[in-house]
Amino acid sequence: MSAFSYGEWEFQFRSDSKPREVVVEVTTKCNYGCIHCFRNLMFEEVLGEMDDRTFNNVIKNIAELHIEKVVFSGWGEPLTHPKVIEYIKLVKDLGIYVAINTNGSLLDSRINELLSTGIDEIIVSVDSVETDVYKSIRVGGLLGDVLKGILKVNDLRKGSYKPDLTMWFTINAMNLNDIPKVPSFARSLGFRKIVFSHIIPLSRKHEKDLAIYIDTELIDNLSKAFDEISKEVLSIGGYVIIPKHKPMVERSCPFINNKAVFIRWDGCVTPCINYAHNWRNSFYEVERVIKAVKFGNINEESLIDLWRKKEYVSFRFKTTFFTQPSCLDCHLSHYCSYTSSNMQDCWGNSPTCAHCPYSHNIAMCPL
Numbered sequence: 222m223s224a225f226s227y228g229e230w231e232f233q234f235r236s237d238s239k240p241r242e243v244v245v246e247v248t249t250k251c252n253y254g255c256i257h258c259f260r261n262l263m264f265e266e267v268l269g270e271m272d273d274r275t276f277n278n279v280i281k282n283i284a285e286l287h288i289e290k291v292v293f294s295g296w297g298e299p300l301t302h303p304k305v306i307e308y309i310k311l312v313k314d315l316g317i318y319v320a321i322n323t324n325g326s327l328l329d330s331r332i333n334e335l336l337s338t339g340i341d342e343i344i345v346s347v348d349s350v351e352t353d354v355y356k357s358i359r360v361g362g363l364l365g366d367v368l369k370g371i372l373k374v375n376d377l378r379k380g381s382y383k384p385d386l387t388m389w390f391t392i393n394a395m396n397l398n399d400i401p402k403v404p405s406f407a408r409s410l411g412f413r414k415i416v417f418s419h420i421i422p423l424s425r426k427h428e429k430d431l432a433i434y435i436d437t438e439l440i441d442n443l444s445k446a447f448d449e450i451s452k453e454v455l456s457i458g459g460y461v462i463i464p465k466h467k468p469m470v471e472r473s474c475p476f477i478n479n480k481a482v483f484i485r486w487d488g489c490v491t492p493c494i495n496y497a498h499n500w501r502n503s504f505y506e507v508e509r510v511i512k513a514v515k516f517g518n519i520n521e522e523s524l525i526d527l528w529r530k531k532e533y534v535s536f537r538f539k540t541t542f543f544t545q546p547s548c549l550d551c552h553l554s555h556y557c558s559y560t561s562s563n564m565q566d567c568w569g570n571s572p573t574c575a576h577c578p579y580s581h582n583i584a585m586c587p588l
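In my numbering, the protein residues as written are 222 to 588.
No lab work stands behind these hints: they were computed from the structure. Heads up, a few of these hints could be off.
What follows is a set of in silico ranges between Cβ atoms, one per label pair, in the way DEER data are often shown [stated by the list, open to error]:
#1 K531 with N398: 26 to 36 Å
#2 M469 with R413: 22 to 32 Å
#3 Y227 with E453: 26 to 36 Å
#4 D436 with H287: 41 to 51 Å
Please read these numbers as outputs of a predicted model, since none were measured by experiment. For each residue, glycine too, the CB sits at the ideal point set by N, CA and C.
Please model the entire structure based on the sequences and the hints provided.
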């Protein structure tokens, strides 16, 4: 596709355009049952693991396109995949920056082989600094097991900062009181970066019970806590990312901004983690059905051909400039049928990102 029209305008698509980052989902299986996990409300899908044929096509394409960064992440726990270490090594051998997003439960048993790959960054989801609270949120997991693995990473790094350690903290009503304790906790474990994100609730009840962003008093408390911890983290040379608490006029898509694509375990190429699978959620008391947005499969077409498909180029254009309504702050959202799914909006976009919490930086993307 070389050119396309939008209204009275005609745009020229750059011939040298290509993806810069790739998120590889090696599995949708997980050893945890977290209360906020998208997998809890997946529908019309089966869980699975990436096979060698699919990964070989992934590695071939990222090598040909000189991809700059690959993140092993997605809707499952990457370290449960039996060949994930081998896959990471193959990517690192290409000289690419590689990160992995993990719940940390298997770090203790797999850290030696993981570090042998030369991996650049390990992102660990730790949603509480208290054992009991952690156990209630990350069902099936134990904070002690995660800490053991992180301490082992530090021991094996021997004072080095490679791989970098990033702590991911998903905020909810259960762990709100933990937030002031996070900087010292993270510092003691060698994390140099902390990312906070609001939860994306799975139902109205879930939102009422767990979401902070809908409660004015809780938001005020959270804002004060963030002010204090930001000063604390920055004073010691760390890095902290905090979410917004309400929709903004300005919107931006982290996947679009980073020229990133998401490759599912079955080879399907999707625009982001949010639209990778069929699932349901609730945001600002509006329950929505999210259907997977797929532009093709890496086993059938090259990544560059998929990237340059008319439908994908049009999607990226409309999301880059957000020529889409904003459902999250629309006074008609509770009565509008368009906002109940991502398939169409009132401006005629199909699919649409009109109600994406990631675009408002309320929820943070794992890139």
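The hints, checked one at a time:
no.	hint	verdict
1	K531 with N398: 26 to 36 Å	violated (50 Å)
2	M469 with R413: 22 to 32 Å	holds (27 Å)
3	Y227 with E453: 26 to 36 Å	violated (46 Å)
4	D436 with H287: 41 to 51 Å	holds (47 Å)
Of the hints listed earlier, those the structure fails to meet are numbers 1, 3, in rising order.
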